[in-house]
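Novice: The task is simple: from the sequences and hints, build the whole structure.
Line by line, the protein sequences are chains A and B. For what it's worth, our numbering labels the leading residue of the first sequence as 16, then goes sequentially. For what it's worth, our numbering labels the leading residue of the second sequence as 8, then goes sequentially.
None of these hints come from the bench; they were simulated from the model. You may find that some hints are simply not true.
[Stated by the list, open to error] Every beta carbon over 12 Å from chain A, so not counted as near; a handful from chain B, in silico:
no.	residue
1	38
2	55
3	57
4	96
5	102
6	105
7	117
8	118
9	155
10	157
11	172
12	177
[Stated by the list, open to error] Simulated restraints on C-beta separations:
no.	chain 1	residue 1	chain 2	residue 2	range
13	A	271	B	123	54 to 62 Å
14	B	118	A	29	29 to 37 Å
15	A	224	B	32	45 to 53 Å
16	A	25	B	26	18 to 26 Å
[As the list claims (entries may be wrong)] If you want a taste of the chain A side facing chain B, the calculated C-beta under 7 Å gives, among others:
no.	residue
17	19
18	21
19	25
20	50
21	65
22	115
23	116
24	252
25	343
26	347
27	348
Positions of the beta carbon are idealized from the N, C-alpha and C atoms, including for glycine.
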Amino acid sequence: MTPFEYARANDVADAIKQIATDPSAKFIAGGTNLIDLIKYDVEGPARLIDISHLPLRSVEETDNGGVIIGAMVPNSDLAYHPLIEQRYPLLSRAILAGASQQLRNMASTGGNLLQRTRCFYFYDATTPCNKRVPGSGCSAIDGVNRINAILGTSETCIATHPSDMCVALAALDATVHVAGPAGMRTIAFADFHRLPGDTPQRDTNLNSDEIITAIELPAKGFSANYSYMKIRDRLSYAFALVSVAAALELENDTIKDARLALGGVAHKPWRSPAAETVLRGQRAEASAFESAADVLLRGAKGFGHNDFKIGLARRAIVRTLGQAARATPQSISDKRIR
Amino acid sequence: MAQSGTAGPVRQADALPEKIQVTLTVNGTRATLAVAPWTTLLDALRDHLDLTGTKKGCDHGQCGACTVLVDGRRINSCLTLAVMKQGAEITTIEGLANDGALHPLQQAFIDHDAFQCGYCTSGQICSAAGLIAEGKAKTADEIRELMSGNICRCGAYPNIVTAIQQAMERS
Numbered sequence: 016m017t018p019f020e021y022a023r024a025n026d027v028a029d030a031i032k033q034i035a036t037d038p039s040a041k042f043i044a045g046g047t048n049l050i051d052l053i054k055y056d057v058e059g060p061a062r063l064i065d066i067s068h069l070p071l072r073s074v075e076e077t078d079n080g081g082v083i084i085g086a087m088v089p090n091s092d093l094a095y096h097p098l099i100e101q102r103y104p105l106l107s108r109a110i111l112a113g114a115s116q117q118l119r120n121m122a123s124t125g126g127n128l129l130q131r132t133r134c135f136y137f138y139d140a141t142t143p144c145n146k147r148v149p150g151s152g153c154s155a156i157d158g159v160n161r162i163n164a165i166l167g168t169s170e171t172c173i174a175t176h177p178s179d180m181c182v183a184l185a186a187l188d189a190t191v192h193v194a195g196p197a198g199m200r201t202i203a204f205a206d207f208h209r210l211p212g213d214t215p216q217r218d219t220n221l222n223s224d225e226i227i228t229a230i231e232l233p234a235k236g237f238s239a240n241y242s243y244m245k246i247r248d249r250l251s252y253a254f255a256l257v258s259v260a261a262a263l264e265l266e267n268d269t270i271k272d273a274r275l276a277l278g279g280v281a282h283k284p285w286r287s288p289a290a291e292t293v294l295r296g297q298r299a300e301a302s303a304f305e306s307a308a309d310v311l312l313r314g315a316k317g318f319g320h321n322d323f324k325i326g327l328a329r330r331a332i333v334r335t336l337g338q339a340a341r342a343t344p345q346s347i348s349d350k351r352i353r
Numbered sequence: 008m009a010q011s012g013t014a015g016p017v018r019q020a021d022a023l024p025e026k027i028q029v030t031l032t033v034n035g036t037r038a039t040l041a042v043a044p045w046t047t048l049l050d051a052l053r054d055h056l057d058l059t060g061t062k063k064g065c066d067h068g069q070c071g072a073c074t075v076l077v078d079g080r081r082i083n084s085c086l087t088l089a090v091m092k093q094g095a096e097i098t099t100i101e102g103l104a105n106d107g108a109l110h111p112l113q114q115a116f117i118d119h120d121a122f123q124c125g126y127c128t129s130g131q132i133c134s135a136a137g138l139i140a141e142g143k144a145k146t147a148d149e150i151r152e153l154m155s156g157n158i159c160r161c162g163a164y165p166n167i168v169t170a171i172q173q174a175m176e177r178s
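Specialist: Pasting the structure below:
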């Protein structure tokens with residue numbers, strides 16, 4: 016660990032001002048990922064700017080029927096918030112599928128988006144990793160890659176984004192509100208995280224001098240027909256090998272609208288408009304779900320140890336869409352898959 | 008061995024940053040400490056306040072041995088900087104007993120033999136105190152799920168769940 020200085024930001028404007036004057040500084044909110052990375056010498060900021068006390072802790076309805084969530088709302092508070100439980104249960108379930116209650120009590124909404132990959136080699140500062148040290152090489156492609164990506168990979172990086180919450184936010188078409196020296200802007204959730212390409216060191220399109228202030232959800236919450244399924248190496252408190260967020264709007268047995276996003280398989284939550292188009296207008300039954308899975312997984316490629324993820328993802332998509340269609344979402348605490 | 012050019016973005020600091028004063032209320036007693044910015048709440052409790060009941064297990068938020076209550080909520084003290092908790096109320100395992108009478112969870116862990124080596128126990132009990140305060144767990148499955156952040160390498164889980172159920176019934 017490298018020593019660092021500490022300063023507290025009083026408000027959003029102060030936070031932006033402080034980061035602008037010290038490019039080697041980083042913001043800290045919940046700290047659940049950043050402190051860990053500092054301990055592993057993966058991150059070495061000269062100064063931490065504490066934004067955890069900023070007044071961004073409300074969850075409120077918007078004029079257009081949606082909900083806006085302050086960036087400092089703890090993950091646990093968000094998962095159990097009545098507006099989220101009732102209108103966006105997919106988001107609530109996804110949050111509760113991630114981490115532990117202690118970590119959810121600490122982790123912020125904004126920070127959840129910015130957590131870094133859990134690729135073993137990214138965490139091991141003695142090995143080459145293009146995400147940690149650009150140009151040093153990727154140890155995972157020919158290494159132990161059981162947990163790594165099968166979609167959207169590049170020759171430089173096969174890391175995955177580890178969040179569960181973000182998979183639901185992608186499916187729900189959330190919008191990220193950010194503030195920076197040039198003022199406020201919004202980023203569509205699909206554009207927030209990046210594919211690795213030849214710049215795997217950049218996880219997101221947030222600039223280093225910007226701060227997330229809020230996440231906005233549109234009115235449509237798919238609260239009747241949804242499910243979040245997370246497949247992992249133990250039954251709780253582990254990162255996803257594959258996770259599926261599925262949401263359907265049904266008219267009798269016919270699919271009017273559909274959302275489908277995968278976690279644990281790519282550098283960002285994986286969604287494809289084409290896969291959702293395949294579902295619209297179809298009867299909600301296995302054959303339609305299988306067709307959608309095939310489209311969503313088009314181009315999937317394993318790297319040896321993670322080849323199993325392709326078949327696992329296909330079956331998980333079909334099962335999760337079935338749960339959504341039957342309005343029997345996967346339970347968080349009962350681990351049987353029905 | 009580190010290979011050249013592969014390590015992370017680690018700087019060499021010219022001089023150590025100055026210590027920062029932080030005031031915490033720990034188990035009902037106010038304490039003002041001078042800590043380095045990187046001192047975790049766990050290290051502040053153990054090394055500055057001699058409250059060694061809170062254990063350092065993995066030191067990476069993966070085992071739950073360091074669980075304490077901050078303003079009534081359970082958190083991992085190993086991933087929390089002490090300086091960020093200025094003014095907070097902290098409860099550790101040492102603060103659960105009331106006038107010498109064991110906390111219902113402490114008694115339940117004894118009654119049900121809910122430990123073997125005991126290293127995870129203070130974290131398990133503080134986590135369970137947070138769980139009961141949250142009020143979200145009703146069934147054994149829900150207790151297991153919401154206690155999954157506390158690892159017991161002795162495998163005392165069945166007795167831990169039974170002990171928590173006893174304490175929940177009596178709270």
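Novice: Does the CB of residue 252 of chain A sit less than 7 Å away from some CB of chain B?
Specialist: 4 Å, holds
Novice: Between residue 25 of chain A and residue 26 of chain B, is the Cβ distance one that fits in 18 to 26 Å?
Specialist: The hint (18 to 26 Å, Cβ to Cβ) holds, given that residue 25 of chain A and residue 26 of chain B are roughly 22 Å apart.
Novice: Would the least Cβ to Cβ distance between residue 172 of chain B and chain A come out above 12 Å?
Specialist: 14 Å, holds
Novice: Find the nearest Cβ of chain A to the Cβ of residue 96 of chain B and say whether that gap is larger than 12 Å.
Specialist: 14 Å, holds
Novice: Would residue 155 of chain B pass as off the interface with chain A, using Cβ distances and a cut of 12 Å?
Specialist: At roughly 4 Å from the nearest Cβ of chain A, residue 155 of chain B sits no farther out than 12 Å, so the non-interface label is violated.
Novice: Once the closest CB in chain A is found, is it more than 12 Å from residue 105 of chain B?
Specialist: At about 24 Å from chain A, residue 105 of chain B clears the 12 Å cut-off, so the statement holds.
Novice: Please verify that the nearest CB of chain A lies beyond 12 Å from residue 57 of chain B's CB.
Specialist: Residue 57 of chain B is indeed farther than 12 Å from all Cβ atoms of chain A, at 23 Å.
Novice: Using the beta carbons of residue 224 of chain A and residue 32 of chain B, state whether their distance is inside 45 to 53 Å or not.
Specialist: Hint violated: Cβ distance 36 Å, outside 45 to 53 Å.
Novice: Please verify that hint: residue 25 of chain A, Cβ, nearest Cβ of chain B, below 7 Å or not.
Specialist: This hint is violated: residue 25 of chain A lies away from chain B, its Cβ roughly 13 Å from the closest one there, beyond 7 Å.
Novice: Quick one, is the residue 343 of chain A hint okay against chain B at 7 Å, beta carbons?
Specialist: Given a least distance of 16 Å, the restraint on residue 343 of chain A is violated.
Novice: Does residue 157 of chain B sit more than 12 Å from chain A, CB to CB?
Specialist: Not fine: 8 Å to the nearest Cβ puts residue 157 of chain B too close to chain A.
Novice: Tell me if the interface restraint on residue 348 of chain A is satisfied: Cβ within less than 7 Å of some Cβ in chain B.
Specialist: 4 Å, holds
Consistency note: the structure conflicts with the earlier hints numbered 9, 10, 14, 15, 19, 25.
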